Amino acid sequence: MRLKHPGRWLLVMLLSIGLNPVVAQNDTIVAFVGDDLSAGTPMKDVLFPRHATAPWSAGLFFGSDYNNHIVNMAYADKLVYTGEKGKTAGIFAQYWLTGWLSGRADLLWLQKNYNMRRENPYISFCHTKTTTNYLQIPLTAHVSLGRAAKVYGFGGAYVGYWMSGHRKGQSFSATYLLTQDESTTYFDEDYEFDSRRDNRFDAGWTYGGGLQVTLFHRLNIFGEIRWYYGFTDVQKNYMDNRNPRYNTTRSFQFGAAYWFGNK
Amino acid sequence: MNIKRYTLVAILLVAALATSCRKEPLDLVNPDRQPTSGYVQQFEMVWQGFDQGYMFWAYESIDWDSMHNALLPRFEAFDEAGYASDDDFRQAYEDMCSKLHDHHLSVQVLNPSTGHVAYVQPGDMEVVTRDYYHPNYINQQTALLSSMEGVTEYRESENNICSNWFCLFPGKTPGKKIAYLRFNRFYVTTASYYGATNLLPLNAFYGNYQLNGVTGGWAASDKVEAIIIDVRGNGGGNADELIPLVGSLTNKKTQYGYSRIKEGLGRLDYSPWTPFWLPCHSHHLDGSKPVVVLADVNSASCSEITAQIVKSFPHGTFIGERTFGATCPLLPGNHDLFYSGVFGDQWFNSCNYYVYTSNFDVVDVNYKSYEGIGITPDIECIFDLSALQAGHDNQLERALEFLRTGK
Chain H
364 MRLKHPGRWL LVMLLSIGLN PVVAQNDTIV AFVGDDLSAG TPMKDVLFPR
414 HATAPWSAGL FFGSDYNNHI VNMAYADKLV YTGEKGKTAG IFAQYWLTGW
464 LSGRADLLWL QKNYNMRREN PYISFCHTKT TTNYLQIPLT AHVSLGRAAK
514 VYGFGGAYVG YWMSGHRKGQ SFSATYLLTQ DESTTYFDED YEFDSRRDNR
564 FDAGWTYGGG LQVTLFHRLN IFGEIRWYYG FTDVQKNYMD NRNPRYNTTR
614 SFQFGAAYWF GNK
Chain V
362 MNIKRYTLVA ILLVAALATS CRKEPLDLVN PDRQPTSGYV QQFEMVWQGF
412 DQGYMFWAYE SIDWDSMHNA LLPRFEAFDE AGYASDDDFR QAYEDMCSKL
462 HDHHLSVQVL NPSTGHVAYV QPGDMEVVTR DYYHPNYINQ QTALLSSMEG
512 VTEYRESENN ICSNWFCLFP GKTPGKKIAY LRFNRFYVTT ASYYGATNLL
562 PLNAFYGNYQ LNGVTGGWAA SDKVEAIIID VRGNGGGNAD ELIPLVGSLT
612 NKKTQYGYSR IKEGLGRLDY SPWTPFWLPC HSHHLDGSKP VVVLADVNSA
662 SCSEITAQIV KSFPHGTFIG ERTFGATCPL LPGNHDLFYS GVFGDQWFNS
712 CNYYVYTSNF DVVDVNYKSY EGIGITPDIE CIFDLSALQA GHDNQLERAL
762 EFLRTGK
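So the sequences go chain by chain: H and V. Sequence positions in the first sequence follow our numbering and run 364 to 626. Sequence positions in the second sequence follow our numbering and run 362 to 768.
Rather than coming from a laboratory, the hints here were simulated on the basis of the structure. Keep in mind that a hint or two might mislead.
Said to hold, decoys possible - With a straight-line cut-off of 25 Å between C-alpha atoms, the simulated DSS-like cross-links for lysine-lysine are:
hint	chain 1	residue 1	chain 2	residue 2
1	V	Lys613	V	Lys672
2	V	Lys614	V	Lys729
3	V	Lys650	V	Lys584
4	V	Lys729	H	Lys531
5	H	Lys599	V	Lys650
6	H	Lys441	V	Lys384
7	V	Lys729	V	Lys613
8	H	Lys531	H	Lys441
In this text, all values refer to a predicted model and were calculated from it rather than measured experimentally.
Input sequences plus hints: build the corresponding full structure.
Written as structure tokens, this is what we have:
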């Protein structure tokens with residue numbers, strides 16, 4: 364069989380052979396270093412194996428993220444929201460329909476943090492760092508390329524729940540009004556939810572990609588980048604003239620997966 | 362290969378759809394000093410000013426969106442007719458604002474067709490419904506002072522800025538005195554510009570007329586065993602005068618409670634709470650003298666903060682009536698500092714509306730708000746008009762009785 368786009372396959376193959384070198388001529392494997400593929404395996408079966416080595420895998424991951432709190436402040440241009448770093452960790456289970464197509468469900472903790480600062484010189488000391496903790500369940504479809512080393516992309520949707528939050532910073536206090544003493548402006552407190560305003564349900568799209576490498580017989584490690592694109596406003600529909608607030612979060616995460624079943 | 366291709370297309374499609382799931386932001390207009398034409402535009406700006414910047418939505422039960430929808434046809438009808446009578450015009454704004462809690466709130470709107478100003482002050486409308494409400498009788502009350510039993514060292518200064526009165530009453534202990542000070546506004550700073558004679562009573566009490574705390578005067582005298590600060594009928598003024606006038610009467614800072622500001626254009630976008638302290642002035646009393654604050658239904662703003670602060674003194678007592686209910690401070694003319702509070706043009710040059718409203722939310726140490734309610738006295742003593750007409754200030758006499766008898 365002739366591949367229609369040999370350049371594209373070559374690129375994928377080069378990525379794939381980084382840790383699992385293969386020697387290929389045209390579309391046929393002639394040698395594979397360190398695994399049990401035999402000479403003569405078609406190239407498409409290396410890149411897109413017809414059968415998974417096992418249908419299930421499960422694992423865990425951790426990493427860091429960066430969240431952008433998207434809100435249009437209209438004329439309030441001296442009240443500025445900026446993104447902030449956070450952390451993430453989770454576990455997942457993945458079911459392999461074929462060697463290249465799989466579905467994955469995660470249960471994860473993700474921080475969607477952001478900063479607010481005031482740019483009016485008179486009150487430029489005012490700022491708030493808001494830390495929010497979400498529990499999320501993304502369901503994603505994965506397409507993998509490669510065998511012992513897989514490059515993969517994925518897309519899907521997630522639902523989440525805003526579990527808790529924390530706010531730290533400085534605000535213009537009534538005491539400051541009297542004293543101009545900045546020491547009276549600090550706060551450091553857990554976020555108190557307002558059931559009228561705060562929408563703790565979260566949902567959105569998620570997509571990303573990564574690289575997975577087989578370390579040992581059943582153990583894989585991976586690194587991936589993932590975007591969470593929330594389409595639920597973090598505020599409830601409590602007023603008509605409400606500018607929505609959304610979170611867009613990008614996470615970099617590393618983890619390990621274990622294959623179940625017979626290899 | 363087809364399945365893989367379809368999968369890839371599906372993922373790209375999902376990613377593309379993702380961007381269409383968010384609502385477009387609204388093009389909100391700054392309500393501060395926005396020129397308008399006609400009744401509807403004016404109404405929209407005033408309504409939006411409240412919608413985005415009013416401080417007390419957390420406590421209000423009004424459906425503000427329904428209010429808009431209910432009132433809009435009236436203003437549309439005004440525009441259609443090209444005219445609204447001053448009564449109808451005022452009534453429309455009264456219907457909009459009269460249930461709001463903010464007792465600092467006043468709404469002034471220029472009738473586009475008649476050029477007359479409609480003035481709505483919900484706090485004034487609410488307070489007259491209280492069964493103990495009475496007008497301000499400050500002139501009649503202070504006229505009695507100099508002739509009250511045992512009064513010495515009487516001083517008075519009546520002026521347009523900050524009238525003030527001082528005298529000494531006989532105390533509980535023979536030979537000891539009770540120092541009494543009354544002032545009708547927290548405008549000592551302004552009054553001092555017009556000469557020290559405006560502030561002779563304050564000088565007699567504090568030992569200076571420069572807002573420098575207690576630097577001498579009768580308040581610091583060993584001959585004075587207790588103090589009465591009378592803010593009945595005092596409508597407030599400069600909040601920074603609280604420190605030298607009230608913060609000098611004790612020996613440590615006093616926590617009123619907590620305050621917060623708006624932190625966005627949403628009705629419930631608030632900053633976290635920060636402690637609201639009244640610092641102790643560097644020139645202060647040692648805290649051992651009992652302090653009574655007299656306040657009534659006409660005591661507003663800084664006077665109410667004074668009442669609450671004195672209540673918190675170890676030897677402080679508030680005697681009188683539940684106060685007006687304008688307990689939260691504000692910074693006029695600084696709408697874009699917090700994107701809340703006062704908006705519009707007081708002189709109607711740049712726009713034809715002006716709304717005076719708070720931009721701090723203040724609560725006590727138990728997070729209880731007194732805005733629109735007022736501070737409740739430790740010892741209630743309702744104003745008695747018939748006693749006043751008979752030559753007695755029953756509330757002041759009750760304060761003296763308390764300090765002399767302890768009950």
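Hint check results:
{"no.": "1", "hint": "Lys613(V) x Lys672(V)", "verdict": "holds, 14 Å"}
{"no.": "2", "hint": "Lys614(V) x Lys729(V)", "verdict": "holds, 20 Å"}
{"no.": "3", "hint": "Lys650(V) x Lys584(V)", "verdict": "holds, 11 Å"}
{"no.": "4", "hint": "Lys729(V) x Lys531(H)", "verdict": "holds, 23 Å"}
{"no.": "5", "hint": "Lys599(H) x Lys650(V)", "verdict": "violated, 53 Å"}
{"no.": "6", "hint": "Lys441(H) x Lys384(V)", "verdict": "holds, 23 Å"}
{"no.": "7", "hint": "Lys729(V) x Lys613(V)", "verdict": "holds, 23 Å"}
{"no.": "8", "hint": "Lys531(H) x Lys441(H)", "verdict": "holds, 19 Å"}
Comparing the model with each earlier hint shows a violation of hint 5 alone; every other hint is respected.
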